[in-house]
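Spelled out from the first residue to the last, the chains are:
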Amino acid sequence: GEDVEQSLFLSVREGDSSVINCTYTDSSSTYLYWYKQEPGAGLQLLTYIFSNMDMKQDQRLTVLLNKKDKHLSLRIADTQTGDSAIYFCAESPRRGSYIPTFGRGTSLIVHP
Amino acid sequence: EPEVTQTPSHQVTQMGQEVILRCVPISNHLYFYWYRQILGQKVEFLVSFYNNEISEKSEIFDDQFSVERPDGSNFTLKIRSTKLEDSAMYFCASSVYRGPYNEQFFGPGTRLTVL
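As they're listed, the protein sequences go chains A and B. Start counting the first sequence at 2; every next residue gets the next number (our numbering). Start counting the second sequence at 12; every next residue gets the next number (our numbering).
A few of these clues could be false.
[What the hints assert, rightly or not] Mimicking DSS-like on lysine-lysine, the simulated pairs with C-alpha atoms at most 27 Å apart in a straight line are:
hint : chain 1 : residue 1 : chain 2 : residue 2
1    : A       : K68       : B       : K53
2    : A       : K71       : B       : K89
3    : A       : K57       : B       : K89
4    : A       : K69       : B       : K53
5    : A       : K37       : B       : K68
6    : B       : K53       : A       : K37
7    : B       : K89       : B       : K68
In case anyone wonders, no lab produced these hints; they're calculated from the structure. Just so you know, these numbers come straight off a predicted model, no measurement behind them.
Construct the entire structure; sequences and hints are all you get.
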């Protein structure tokens with residue numbers, strides 16, 4: 002079945018780049034997502050990538066997709082303290098479904 | 012900016028008791044969802060709801076669970092007889108459309124603690 006794995010914690014210094022990694026299992030996934038959850042708030046869609054793309058850039062965010070290895074990464078350039086949050090990787094669709102399958106989330110801690 | 016709201020933010024209950032978790036989806040959205048996240052584990056899909064009926068559910072969503080849209084604004088999740096393992100953060104979400112790209116808007120969650 003579908004499965005998404007990501008590391009639980011990442012600590013970076015303010016101004017450095019952050020790279021959050023994710024692996025997934027469903028090779029038929031059409032869309033892959035990154036959601037962000039700030040303290041006390043719900044998950045918010047940050048960015049997504051179609052499975053026929055290798056890379057997507059959106060301001061400080063760069064998403065890289067390696068379909069062969071089923072590996073997705075999110076790079077945040079010039080990480081700020083406001084980027085501290087939990088980042089969830091998700092894949093969609095499940096077979097016959099449009100419900101995303103989420104990972105556990107990676108807690109990004111940005112320290113001065 | 013419209014947002015999904017959930018009440019209460021934290022619910023403590025005794026094992027065997029019934030709980031109702033409440034959500035107010037974004038007003039023009041048509042699809043509604045419940046997810047849960049047990050501490051340290053993955054966000055798991057429970058159920059989706061459209062046009063006043065369940066459109067999809069996971070194996071977690073057994074007879075102890077039910078959902079309802081009692082009026083034009085609220086969307087509720089009921090757990091009939093809570094178990095210790097039901098302790099989790101429960102997220103409600105809503106979306107305009109259903110499809111591979113269907114941005115779901117999530118509420119802040121209700122933390123359910125079963126003692």
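Going down the list of hints, with the structure as the test:
1. K68(A) with K53(B): Status holds; Cα separation ~22 Å.
2. K71(A) with K89(B): Roughly 37 Å separates the two Cα atoms, so the pair is violated.
3. K57(A) with K89(B): 40 Å, violated
4. K69(A) with K53(B): 24 Å, holds
5. K37(A) with K68(B): 24 Å, holds
6. K53(B) with K37(A): 14 Å, holds
7. K89(B) with K68(B): OK: K89(B) and K68(B) at ~14 Å, within 27 Å.
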